[in-house]
Amino acid sequence: NAGVTQTPKFQVLKTGQSMTLQCAQDMNHNSMYWYRQDPGMGLRLIYYSASEGTTDKGEVPNGYNVSRLNKREFSLRLESAAPSQTSVYFCASRVKAAGGFYGYTFGSGTRLTVV
Amino acid sequence: AQSVTQLGSHVSVSEGALVLLRCNYSSSVPPYLFWYVQYPNQGLQLLLKYTTGATLVKGINGFEAEFKKSETSFHLTKPSAHMSDAAEYFCAVSGGFNAGGTSYGKLTFGQGTILTVHP
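First to last, the sequence lines map onto chains H and C.
The first sequence begins at 1 in the numbering used here and counts up by one.
The second sequence begins at 1001 in the numbering used here and counts up by one.
Derived from the structure by calculation, the hints contain no laboratory data.
C-beta atoms are modelled at their ideal positions from N, C-alpha and C, and glycine is treated no differently.
Some hints could be false.
[Claimed, not checked] Taking CB as the label site, the calculated pair distances span:
id: 1; chain 1: H; residue 1: Gly40; chain 2: C; residue 2: Leu1056; range: 21 to 31 Å
id: 2; chain 1: H; residue 1: Gly16; chain 2: C; residue 2: Glu1015; range: 47 to 57 Å
id: 3; chain 1: C; residue 1: Gly1062; chain 2: H; residue 2: Pro39; range: 26 to 36 Å
id: 4; chain 1: H; residue 1: Asp38; chain 2: C; residue 2: Leu1056; range: 28 to 38 Å
id: 5; chain 1: C; residue 1: Thr1116; chain 2: H; residue 2: Gly53; range: 37 to 47 Å
id: 6; chain 1: H; residue 1: Met19; chain 2: C; residue 2: Ser1070; range: 44 to 54 Å
Please model the entire structure based on the sequences and the hints provided.
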């Protein structure tokens, strides 16, 4: 099925543990994004990758690292998880269509709890 | 720089009543504007988007929004609410690709508005 696939869907970590959230898209999109969603704050951009081989910080990058492994995959790593990183994480990809319009496709999210 | 403000974190309407969710934006470049809906414990679903052309945009489930450049607004409306419309709604703005800048199509979201529909 075409779309953005995130794994895992749920995860519980202990403070200080590390983990990598995986994201893959099969739509040949150039740009990919990681967002976190917290109540009352909407979705905030953590990191993005405009194209394969490039990454850049978004609004809330502290405590995270990313890797754009290839055009399909964009992973988010928490090196030392903190309770403040308890959130729902969404991966998204974007393509510029022939008409100049933009479409975004979101994954189903990863619900992360840090205890 | 770009930002989105959604007026009202909670909106409550009766079934059959008009739904109006307010969104104001700021953008340094011509904006692309979006409304997304999120049902409990689910991902984001695109309701509608404005890119160029007609300023009144129709979306799914009977929703529509009007881009008003002079007011920097993109309010979401639906003439008659249904119980199934209860969800959280997000307005978002994207400045598009900027070859000389750094926007790279970043999508900036508002804080969200939770819509409750009463019988």
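Hint check results:
no.	hint	result
1	H:Gly40 - C:Leu1056: 21 to 31 Å	holds (30 Å)
2	H:Gly16 - C:Glu1015: 47 to 57 Å	holds (49 Å)
3	C:Gly1062 - H:Pro39: 26 to 36 Å	holds (27 Å)
4	H:Asp38 - C:Leu1056: 28 to 38 Å	holds (33 Å)
5	C:Thr1116 - H:Gly53: 37 to 47 Å	holds (45 Å)
6	H:Met19 - C:Ser1070: 44 to 54 Å	holds (47 Å)
When each numbered hint is compared with the structure, no violation occurs for any of them.
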